[in-house]
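Take these sequences, add in the hints, and give me the full structure.
For reference, the chains in residue letters:
There are 2 protein chains.
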Amino acid sequence: MNLTERPFRLDVADDGELRPATSTVRRRLSDMAGMYHDAEAERSALAADDPLVYEVFQYDMPAFAGELVVCTTVLRAGKVGDEFFMTKGHYHEQRDRAEVYYGLSGRGRLLLAKDGECEAVPMVPGGVAYVPPYWAHRTVNTGPEPLVFLAVYPGDAGHDYGTIETTGFPQIVLERAGEVTVAPNPARTR
Amino acid sequence: MNLTERPFRLDVADDGELRPATSTVRRRLSDMAGMYHDAEAERSALAADDPLVYEVFQYDMPAFAGELVVCTTVLRAGKVGDEFFMTKGHYHEQRDRAEVYYGLSGRGRLLLAKDGECEAVPMVPGGVAYVPPYWAHRTVNTGPEPLVFLAVYPGDAGHDYGTIETTGFPQIVLERAGEVTVAPNPARTR
Numbered sequence: 000m001n002l003t004e005r006p007f008r009l010d011v012a013d014d015g016e017l018r019p020a021t022s023t024v025r026r027r028l029s030d031m032a033g034m035y036h037d038a039e040a041e042r043s044a045l046a047a048d049d050p051l052v053y054e055v056f057q058y059d060m061p062a063f064a065g066e067l068v069v070c071t072t073v074l075r076a077g078k079v080g081d082e083f084f085m086t087k088g089h090y091h092e093q094r095d096r097a098e099v100y101y102g103l104s105g106r107g108r109l110l111l112a113k114d115g116e117c118e119a120v121p122m123v124p125g126g127v128a129y130v131p132p133y134w135a136h137r138t139v140n141t142g143p144e145p146l147v148f149l150a151v152y153p154g155d156a157g158h159d160y161g162t163i164e165t166t167g168f169p170q171i172v173l174e175r176a177g178e179v180t181v182a183p184n185p186a187r188t189r
Numbered sequence: 000m001n002l003t004e005r006p007f008r009l010d011v012a013d014d015g016e017l018r019p020a021t022s023t024v025r026r027r028l029s030d031m032a033g034m035y036h037d038a039e040a041e042r043s044a045l046a047a048d049d050p051l052v053y054e055v056f057q058y059d060m061p062a063f064a065g066e067l068v069v070c071t072t073v074l075r076a077g078k079v080g081d082e083f084f085m086t087k088g089h090y091h092e093q094r095d096r097a098e099v100y101y102g103l104s105g106r107g108r109l110l111l112a113k114d115g116e117c118e119a120v121p122m123v124p125g126g127v128a129y130v131p132p133y134w135a136h137r138t139v140n141t142g143p144e145p146l147v148f149l150a151v152y153p154g155d156a157g158h159d160y161g162t163i164e165t166t167g168f169p170q171i172v173l174e175r176a177g178e179v180t181v182a183p184n185p186a187r188t189r
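Heads up: the sequence lines are chains A and B, in that order. Residue numbers for the first sequence follow numbering that gives the first Met the number 0, beginning at 0 and rising by one. Residue numbers for the second sequence follow numbering that gives the first Met the number 0, beginning at 0 and rising by one.
Where hints are given, some of them may not hold.
[Unchecked claim] Label-pair restraints from in silico Cβ distances:
(1) A:Glu-92 x B:Asp-59: 38 to 44 Å
(2) A:Pro-61 x B:Arg-8: 28 to 34 Å
(3) B:Ser-22 x A:Pro-50: 43 to 49 Å
(4) B:Pro-19 x A:Ser-22: 33 to 39 Å
(5) B:Thr-23 x A:Glu-92: 58 to 64 Å
(6) A:Ser-22 x B:Phe-7: 25 to 31 Å
(7) A:Leu-2 x B:Asp-59: 22 to 28 Å
(8) A:Asp-159 x B:Tyr-160: 37 to 43 Å
(9) B:Tyr-160 x A:Asp-49: 50 to 56 Å
(10) B:Gly-157 x A:Glu-92: 23 to 29 Å
(11) B:Glu-4 x A:Gly-177: 30 to 36 Å
[As the list claims (entries may be wrong)] Covered stretches of chain B, as calculated for chain A (at least 3 residues, CB under 8 Å):
(12) 61-74
(13) 88-102
(14) 107-121
(15) 124-135
Worth flagging that the hints you see were computed from the coordinates, not collected in a lab. We put the beta carbon where it would ideally sit given N, CA and C, even for glycine.
Rendered as structure tokens:
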């Protein structure tokens, strides 16, 4: 495998876009079918405009433990029914790889799950949130502005989205009576 | 080895201090004896007040490739003679480990060296600078404010300061006629 040979610089634009990025993911609600708990609200939102939920701007790296992937995520403000916009969530394919998040703007939660346990770490500008090895992770925008954060993870971590697609996260984040509320996920299958 | 078991959050204070930190390094000029090219200016500065040059606030991690160490550095503004304040600089003990820097405030250069080659990557707020595997790295504050940045590197990277202490960096960063100037290091031994 060829490792990165020369130093380089990237810039995070004011809107959170990483420049240059070598891969960009844009997920609309239709790319997350069945992930929100309120199926009727999801159908309505899809019929109305299939909103853009989030974008990930990534600088890809060789799949080697000593390299570090850098990406930024811009998670839009919004809800599907009473459930805040969120990312799909994933485990690392190589399960023992950690990840570091650094909040740039907006507010939210980093949801983490492992063996049926769940934690919800606040994400704020200037806050570092640590995803330990073996924990699935998903971010949720609980505020009125885009949630923008920088992430760094080992080059050989990889992504496993399928497990969360199949089993769901143990908890979901809702607005209830105007409050951000972390609740058990009724759609959790195991 | 016990890996990190639970998620957690850290905060970067406005002054750049990482809270909580599990280890803090404070380096005064006397801790960097002989590293600046102007020995007479160094002696004068040491005699006057032995200035604090930089602080590193780190959250230590298990020495495992899948974990990620997070630290912030606050590098003071100043010069020794015409040479800007800088960090000691190091290779990673495990040479094939990369590092990611993210500029929070202030301006400077990330100096990198490998096999006698050198690069100088600008560090600005919102800028990401990548230290590839095998490159020694040192940061230099070229502005009037503290240079503050976040760094992330693999848990098993380790530090080798001795090689740079012995050989010096290929280049140094000076103020010449009011301009930031990267120049060959006259004290470079090999």
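Checked hints:
Checking the proposed 38 to 44 Å range against A:Glu-92 and B:Asp-59 shows it is violated: the Cβ atoms sit about 27 Å from each other. Between A:Pro-61 and B:Arg-8 the beta carbon distance is about 30 Å. The supplied range of 28 to 34 Å therefore holds. Between B:Ser-22 and A:Pro-50 the C-beta distance comes to about 45 Å, which sits within the given range of 43 to 49 Å. Range check, B:Pro-19 to A:Ser-22: about 35 Å between beta-carbon atoms, so the 33 to 39 Å window is met.
With their beta carbons about 35 Å apart, B:Thr-23 and A:Glu-92 fall outside the hinted range of 58 to 64 Å. For A:Ser-22 paired with B:Phe-7, a C-beta distance near 29 Å keeps the hint of 25 to 31 Å intact. In this structure, A:Leu-2 and B:Asp-59 meet the distance hint of 22 to 28 Å, their C-beta atoms being roughly 26 Å apart. At roughly 38 Å, the beta-carbon separation of A:Asp-159 and B:Tyr-160 lies within the given 37 to 43 Å, and the hint holds.
Look at B:Tyr-160 against A:Asp-49: about 54 Å separates their beta carbons, and that is inside 50 to 56 Å. B:Gly-157 and A:Glu-92 have their C-beta atoms about 26 Å apart, which keeps the hinted 23 to 29 Å range intact. Taking the beta carbon of each, B:Glu-4 and A:Gly-177 are about 34 Å apart, inside 30 to 36 Å as hinted. Taking a C-beta to C-beta cut-off of 8 Å, the segment 61-74 of chain B contributes 6 residues in contact with chain A, enough for the three needed, and the coverage statement holds.
Using a Cβ-Cβ cut-off of 8 Å, 7 residues of the segment 88-102 of chain B lie near chain A, which meets the minimum of three, so the contact claim holds. Taking a C-beta to C-beta cut-off of 8 Å, the segment 107-121 of chain B contributes 5 residues in contact with chain A, enough for the three needed, and the coverage statement holds. Look at the segment 124-135 of chain B against chain A: 10 of its residues bring a Cβ nearer than 8 Å to a Cβ of that chain, three or more, so the hint holds.
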